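The task is simple: from the sequences and hints, build the whole structure.
There are 2 protein chains.
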Amino acid sequence: MSKGQLVVISGPSGCGKDTIISKVLEKMKNEAFLSISMTTRAMRPGDTDGVDYYFVDVKQFEKNIADDKMLEYAKYGANYYGTPLEPVEKMLEDGKTVILNIEVQGGANIRRLIPEAVEIFVLPPSLEVLEKRLRSRGTDSEESILTRLEIAKNEIKVASEYDYIVVNDELEKAVEDIMSIIRANQLCTNKMKNLICEVICNA
Amino acid sequence: MSKGQLVVISGPSGCGKDTIISKVLEKMKNEAFLSISMTTRAMRPGDTDGVDYYFVDVKQFEKNIADDKMLEYAKYGANYYGTPLEPVEKMLEDGKTVILNIEVQGGANIRRLIPEAVEIFVLPPSLEVLEKRLRSRGTDSEESILTRLEIAKNEIKVASEYDYIVVNDELEKAVEDIMSIIRANQLCTNKMKNLICEVICNA
Chain A
419 MSKGQLVVIS
429 GPSGCGKDTI
439 ISKVLEKMKN
449 EAFLSISMTT
459 RAMRPGDTDG
469 VDYYFVDVKQ
479 FEKNIADDKM
489 LEYAKYGANY
499 YGTPLEPVEK
509 MLEDGKTVIL
519 NIEVQGGANI
529 RRLIPEAVEI
539 FVLPPSLEVL
549 EKRLRSRGTD
559 SEESILTRLE
569 IAKNEIKVAS
579 EYDYIVVNDE
589 LEKAVEDIMS
599 IIRANQLCTN
609 KMKNLICEVI
619 CNA
Chain B
419 MSKGQLVVIS
429 GPSGCGKDTI
439 ISKVLEKMKN
449 EAFLSISMTT
459 RAMRPGDTDG
469 VDYYFVDVKQ
479 FEKNIADDKM
489 LEYAKYGANY
499 YGTPLEPVEK
509 MLEDGKTVIL
519 NIEVQGGANI
529 RRLIPEAVEI
539 FVLPPSLEVL
549 EKRLRSRGTD
559 SEESILTRLE
569 IAKNEIKVAS
579 EYDYIVVNDE
589 LEKAVEDIMS
599 IIRANQLCTN
609 KMKNLICEVI
619 CNA
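Taken in sequence, the protein lines are chains A and B. Going by our numbering, the first sequence opens with residue 419, and the numbers climb by one from there. Going by our numbering, the second sequence opens with residue 419, and the numbers climb by one from there.
Wrong hints could be hidden among the right ones.
Where chains are identical, the list cannot tell them apart; a pair therefore holds if satisfied intra-copy or between any two copies.
Said to hold, decoys possible - List time: in silico DMTMM-like cross-link candidates among lysine to aspartate or glutamate, alpha-carbon distance up to 20 Å:
no.	residue 1	residue 2
1	Lys445	Glu590
2	Lys441	Glu546
3	Lys447	Glu594
4	Lys481	Glu588
5	Lys571	Asp581
6	Lys611	Glu579
7	Lys493	Glu549
8	Lys550	Glu616
9	Lys571	Asp587
10	Lys575	Glu480
11	Lys611	Asp486
12	Lys609	Asp581
13	Lys609	Asp512
14	Lys445	Glu594
If you're looking for bench data, these hints aren't it; they were derived computationally from the structure. All values derive from a computational prediction rather than experimental measurement.
In C-alpha cells, the structure reads:
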C-alpha cells in the first residue's frame, strides 16, 4: 500500500478551521486522522488530555525534543507546542491521511522538514466577517478580539506560502474543497507509479 | 476574474475517457468546456463537423500552422490532428475550464508549451479489463484489437509524465476524481494570491 498523506491545515482564529476539520474527519472516517499536539501549557476547564492535547511538563517536552521524538515544535510565550512524531509516522505507514491543525510557525516547520506535505490555509471571506465571527462567540473581551484580528492579519500575510487556499464562505463547500485537495494529491503521478507498472506488468 | 484552467485528458482507446469527459462536462455545465480538435482525416459516418472535429483539408490545416493558429498539432500517418488556438484562448480568458481530449503526443506538446496545464492520464484497471472492453464493443476485428492493445501498452508507458493518474474502475468514482483534480488546481495558492490581498486590503 502507498504511504499516507500528511496534510497541514492552518488559518486564523475564527476562520472556522476546527469545524471544517471535524467535518472532514467525519466524512473520511477510517481514512483520515487528526494528529494530537503536545503542549506544556496548563490544562483549562473542558480540556481532555489525549483529546485536545497531550499535556506534559516542560521537562518531559524538552526530553522529547532531545530524544528526537517531536516531528516539529515551537514555543509561543512560555509554552511549548509540537507534534509527536511516532503516531504520525505510524498512521502514514498505514496509508492513512494525517491532518495537522497547527499555527503558521508549525506550518513553516513542516514545509521545511517534509516538502511533500500538503499545506492548506483556510481564509475567512474578509476580515469584517472574521471580526463578526469572533464577536459572535461572545466569550472574548474587546482587547482580546483586537489582538486576535491583528494576529490574523499577520497570519494571512504568510498564506501564500501554503500550497492551497480554501475560503470558508460556506462550510459545506470548504469541506468539499479540502476533500478535493486531499483526493487530488492521492492521484498525483508520483504516488501512482506502482499502479502504472501493475497495469502493464500484469499483461 | 482569474484565468481559467487548461486540462489535458489522455488514455488508451477503451479506457472510457470519452464517457468520463462527457459526465464531467455535464456536471460542470457553464464552467467546463471541451476543446474541439481539428483534423484532415476524412469524415466517417456519424461524424459531425464542429462537434466531433473541425474537418478541414491539408492546405487549410497547413495554413493554420503557418499563421500560428494551432495551439499544438501532430501528424498520425497521413493525417493532421491539432487544437485550434483561438477558442481555447477565449474560454480561458473567460475563466472557464477547457478540457483537451488528446493523444499522448498532443499531451507531450501541451506539457512543453503550457507547463501550467493540468495533465491527467486515465488508466484502465488492467490490460485484461481493457481487452475485455475492446472486445465487448463487437465492432473491431481481432487484428485491430491486438493493434489497439499494443498501442495502449506504449501509451501507458508514458502515463508517468502526466500530473495525475485516474483509474477508471468505477465510472462515477473516476468522474469525481477528475473533478477533485480540477477543483484542487483552482485552489492552488498562485491562483488565489489576489484573494489573500483582497481579504487583507479590504480591512
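Self-check item: Alpha-carbon proximity context of lysine 609 and aspartate 581, limit 20 Å
Solution: Classified as both; 17 Å inside a copy, 10 Å across copies.
Please work out whether the CA atoms of lysine 575 and glutamate 480 approach to 20 Å or closer within one copy, between two copies, in both situations, or in neither? For lysine 575 and glutamate 480, the Cα distance exceeds 20 Å both inside one copy (31 Å) and across copies (50 Å).
Is it within, between, both or neither when you check lysine 609 against aspartate 512 at 20 Å Cα-Cα? For lysine 609 and aspartate 512, only the intra-copy Cα distance (15 Å) is at most 20 Å; the inter-copy one is 33 Å.
Checklist entry - When no copy is named, should lysine 571 and aspartate 581 be tagged within, between, both, or neither for a Cα gap of at most 20 Å? => result within (19 Å within a copy, 34 Å between copies)
- Task: Could you figure out if lysine 571 and aspartate 587 sit no more than 20 Å apart (CA to CA) within one copy, between two copies, both or neither?
- Result: within (18 Å within a copy, 45 Å between copies)
**Message:** If the cut is 20 Å between Cα atoms, do lysine 611 and glutamate 579 qualify within a copy, between copies, both or neither?
**Reply:** between (28 Å within a copy, 10 Å between copies)
Using 20 Å as the alpha carbon limit, work out where lysine 447 and glutamate 594 are close: within a copy, between copies, both or neither. both (15 Å within a copy, 18 Å between copies)
(request) If the cutoff is 20 Å on CA atoms, where do lysine 550 and glutamate 616 land: within, between, both or neither? Let me know, please. (result) Cα proximity of lysine 550 and glutamate 616: across copies only (17 Å, versus 53 Å in one copy).
Please sort lysine 481 with glutamate 588 into within, between, both or neither, judging by C-alpha distance up to 20 Å.
Neither way: lysine 481 and glutamate 588 sit 43 Å apart in one copy and 50 Å across, limit 20 Å.
Quiz item: Quick one: lysine 611 to aspartate 486, C-alpha cut-off 20 Å, is that within a copy, between copies, both, or neither?
Solution: Cα proximity of lysine 611 and aspartate 486: none, with 32 Å in one copy and 36 Å across.
From the Cα coordinates, with 20 Å as the cut-off, is the pair lysine 493 and glutamate 549 best called within, between, both, or neither?
-> Answer is neither; intra-copy 26 Å and inter-copy 59 Å both fail.
Regarding lysine 441 and glutamate 546, is the shortest C-alpha distance of 20 Å or less found within a copy, between copies, in both, or in neither?
neither (25 Å within a copy, 39 Å between copies)
The structure does not agree with the numbered hints 2, 4, 7, 10, 11 stated previously, though it agrees with the rest.
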